[in-house]
Amino acid sequence: MRRSSLWQKNVALNIVLGVLLLIMFLNLLFIGLFVDKILEELFPGGDHIVIVNGIIIYYLAIEFFIRFFIQALPTLNIETYLHLPIRKSSIVHYVASKSIFVIGNYISWIVLFPFAFKVIGPAYNAGMAWIWVLTLILLVFSNNFFATYIKRQLIGKSYIVGFIGLVFISLIMLDYFGVISLSALSSSAFGQLLAHPFFVIVPLLILIFTYGLNYFFLKSKLYPEEINIKRKEKVDALSNIKYLKTIGLTGLLISLDMRLIWRHKRTRSILFMAPIFLAYGLIFYPQTEYKGAYGLLIFVGIFMTGGMMLNYTNYCFGYESNYFDNILANYKEFERYLYGKYIFAVSIASVCYILTIPYVFFGTDILLINTMTFLYNIGFLSFVLFYFSTYSKKRMDLSKGAAFNYQGLGASHWLSMLPAFLLPVFIYLPFKLMGMPKAGLLFIGALGVAGLLFHKYLLGLILKQFNKKKYDMAEGFRQ
Amino acid sequence: MIEVKNLTKIYGNETVLDIPGLTIHKGDSFGLVGNNGAGKTTFFRLILDLIRANTGIVKSKGDDVTSTADWKYYTGSYLDQSFLIDFLTAEEYFEFLNQIHGLSKGDLEQFYIEFKEIFNDEILGKEKFIRDLSHGNKQKVGIAAALMARPEILILDEPFNGLDPSTQIRMIKLLNNLKTNHHTTMLISSHDLKHVTDVCQRIAILEKGKIIHDLETNRNTIGILENYFSV
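Those protein sequences? They're chains S and H, same order as listed.
Numbering of the first sequence is given in the working numbering, commencing with residue 1 and proceeding in unit increments.
Numbering of the second sequence is given in the working numbering, commencing with residue 1001 and proceeding in unit increments.
If you are wondering where the hints come from, they were derived from the structure by calculation, not from laboratory data.
Do not take every clue at face value.
[To be verified] From the structure, some residues in chain S lie toward chain H, with a derived Cβ separation under 7 Å: (1) Ser239; (2) Gly251; (3) Leu252; (4) Arg263; (5) Tyr323; (6) Asp325; (7) Asn326; (8) Leu328; (9) Ala329; (10) Asn330; (11) Lys332; (12) Tyr471.
[To be verified] Here are the simulated lysine-lysine pairs, PhoX-like style, with alpha carbons at most 20 Å apart: (13) S/Lys394 - S/Lys468; (14) H/Lys1026 - H/Lys1179; (15) S/Lys332 - H/Lys1061; (16) H/Lys1059 - S/Lys332; (17) S/Lys469 - S/Lys394; (18) H/Lys1059 - H/Lys1210; (19) H/Lys1005 - H/Lys1059; (20) S/Lys438 - S/Lys291; (21) H/Lys1126 - H/Lys1116; (22) H/Lys1105 - S/Lys242; (23) S/Lys88 - S/Lys219; (24) S/Lys245 - H/Lys1105; (25) S/Lys151 - S/Lys98; (26) H/Lys1026 - H/Lys1059; (27) S/Lys265 - H/Lys1128.
The beta carbon of each residue, even a glycine, is placed where N, CA and C say it ideally should be.
Build the full structure now, drawing on both the sequences and the hints.
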């Protein structure tokens, strides 16, 4: 019974994912079938090969980000196999190469082949078309291995992710301000390939290199014992935060949650993703065409001021699955427990909000939007998420070895959060259609303020829900 | 002290616990023995309101445990390692619980003194998270935590598991001391027939969810138990 409900949830998610994939597939198929005509339509008279070669680098970058965020990492419970008569290198090769079968590696073929044989073939020859396709496929696979490697670092050395992100951002900025031209770079590189086909060796070497990165990284993490040694970090001073000690039980519970987040690699890695959330505005604010597009900017505001909070509230009970029975048997007043969690969620959102204030540089409208979405986040969204998080039954074993354990970092994780971000946009739309966009914004903020005013009542509702659901949660968390 | 009426717990088609009636009086030391899957942990979880019963109620001091939290003030428990907040150090964990129970700093120091012998310098001042402790030391932390608030009712599920022999003996001494000097009501399950008869004055055998024997401990008890369990 228990199992089936979980399974059904996955079925629903899988159907959504499947439909999305199908739409993408049909789009790509269309592009692939008419690639020459589309290019002629878009760039009449231009050198299509040069143009496409110039786009490739952007394509690979976007693909990298998509992979980084939604591609689930292949996992294996390594301890089960270590004592069996299987060579260690085979185990590692198995895990390292498993991502070859990810559909994302093949989806671009739908466009690559038609382009190669409809455009490059006629301009050069069939052999050259093959070389070009081969190069691209090798690069797509390299991209796959590179993204998996970086994602693996997310749990190991999180700063590497930050570093790569920085490199990407600076390259994009340099390109944007015209210091360098990535597209020129890209088209000249692939131009060289078409002139000297033996350069196909380069992507092959890249592929071997990126695979090697994964292989040696996994190999170094093979012994669970060694991971454990690394986990014996120094005990931090988080339990000595003075302020939290002065606010009684609430402070105690917040301090516990802070330690929980800081002392598990998985939760800590989410902290390191905070800059990505906060930098999200940079993509939209500088563009003048988005200035009046409140609907979009509301989404951005919700995401920036609430993304981290959402991550926390969504899993705040699941994170505690390891000792949930202790909570039930020892905490005398669950309202205090829930209140502590709520205050922590609000604190997270507040910090994010304060950090987004400098965006006022792009206009006071931005500040207004972010303030309203912040209010909405802490006064409305937080309660909704909190309410629904009592439905979580999935055990999250945060203390399990990190290197081979990546629960909850895949596509479904992000997809399930989408409605939370889109709801305020839908609230705003009717106002916009009536020609009162500002009123729509204020209404979103007012929702939040109302929630804050009635927080006692709302927490009471959540308490009722918690008391009803606690057995189911505890049961799920035990397995 | 604890009163059980018509208590059943059913998973799927299987009745894992069925206790029509049972009373545990104040000061009783109640031992629960039975093979794996007999329902010992299920029974304890029901007393602690960790799972929902299919029928029946558990009353603690006359109140239904599902409808009040009063029993939490006088009940200490340790069922398994899922009770430990394992990303804290042992000290942090004890401090945390100390505050949860609303005790003072002095209480905590007193507690450390009382458990000095059992901790045996392996627990405190180690700068180690509980998750990095050995199985036996985790067990010590858990049992000590259950005793922290000087509970009137103590519920321990297989407390002797994983403890080294010296600690087992110390633990028995400690429990017997609680029994005679503080009249603590105890519910203890164990696979170790000797230990459980050393501590408990009353022993119940659980088989497939039903209490089939409920004995006063005397010198014949261990023989009866051994006889029952030797298939």
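Against the structure, the hints come out as follows:
Hint on serine 239 of chain S holds. Least Cβ distance to chain H is approximately 5 Å, under the 7 Å limit. Interface restraint check: glycine 251 of chain S against chain H, minimum CB-CB distance 9 Å, threshold 7 Å, status violated. Interface hint status for leucine 252 of chain S: upheld, as the beta-carbon distance to the closest one in chain H is roughly 5 Å, under 7 Å. Checking arginine 263 of chain S against chain H: minimum C-beta separation of about 4 Å stays under 7 Å; hint holds.
The criterion of a C-beta within 7 Å of any C-beta in chain H is met by tyrosine 323 of chain S, whose closest approach is roughly 5 Å, and the hint holds. Interface hint status for aspartate 325 of chain S: upheld, as the beta-carbon distance to the closest one in chain H is roughly 5 Å, under 7 Å. The interface hint given for asparagine 326 of chain S holds, since its Cβ lies 4 Å from the closest Cβ of chain H, which is under the 7 Å cut-off. A least Cβ separation of about 5 Å between leucine 328 of chain S and chain H falls short of the 7 Å threshold, and the interface hint therefore holds.
At its closest, the beta carbon of alanine 329 of chain S sits 5 Å from a beta carbon of chain H; the interface hint therefore holds under the 7 Å criterion. Of the supplied interface hints, the one on asparagine 330 of chain S holds, with its beta-carbon coming within about 6 Å of a beta-carbon of chain H, less than 7 Å. Against a cut-off of 7 Å between C-beta atoms, the interface hint on lysine 332 of chain S holds, since the closest Cβ of chain H lies about 5 Å away. Annotation: interface hint on tyrosine 471 of chain S holds; nearest CB of chain H at approximately 4 Å, less than 7 Å.
Restraint check: the Cα-Cα separation between lysine 394 of chain S and lysine 468 of chain S comes to about 17 Å, which is no more than 20 Å; the hinted pair holds. Taking the CA atoms of lysine 1026 of chain H and lysine 1179 of chain H, the gap is near 10 Å; set against the 20 Å cutoff, the hint holds. This hinted pair checks out: lysine 332 of chain S and lysine 1061 of chain H have alpha carbons roughly 16 Å apart, not beyond 20 Å. About 17 Å separates the Cα atoms of lysine 1059 of chain H and lysine 332 of chain S, which keeps this hinted pair within 20 Å; it holds.
The hinted pair formed by lysine 469 of chain S and lysine 394 of chain S meets the criterion: a straight-line CA distance of about 13 Å does not exceed 20 Å. For the given pair, lysine 1059 of chain H sits about 19 Å from lysine 1210 of chain H by alpha-carbon distance, which is consistent with the 20 Å threshold. Distance restraint check for lysine 1005 of chain H and lysine 1059 of chain H: the Cα-Cα separation of roughly 8 Å lies within the 20 Å cut-off, and the hinted pair is therefore satisfied. Restraint check for lysine 438 of chain S and lysine 291 of chain S: satisfied, since their Cα atoms lie roughly 13 Å apart, inside the 20 Å limit.
Of the pairs offered as hints, the one joining lysine 1126 of chain H and lysine 1116 of chain H holds, with about 14 Å between alpha carbons and a cut-off of 20 Å not exceeded. For the hint pairing lysine 1105 of chain H with lysine 242 of chain S, the CA-to-CA distance comes to about 16 Å; that is within 20 Å, so the pair holds. Our distance criterion of 20 Å between C-alpha atoms is met by lysine 88 of chain S and lysine 219 of chain S, whose separation comes to about 8 Å. For a cut-off of 20 Å, the pair hint linking lysine 245 of chain S to lysine 1105 of chain H stands: about 13 Å separates their Cα positions.
Between the alpha carbons of lysine 151 of chain S and lysine 98 of chain S the distance comes to roughly 15 Å, so the proposed pair stays at or under 20 Å and holds. A distance of roughly 13 Å separates the Cα atoms of lysine 1026 of chain H and lysine 1059 of chain H; the hinted pair therefore holds under the 20 Å criterion. The suggested pairing of lysine 265 of chain S with lysine 1128 of chain H holds, with an alpha-carbon distance near 17 Å, which does not exceed 20 Å.
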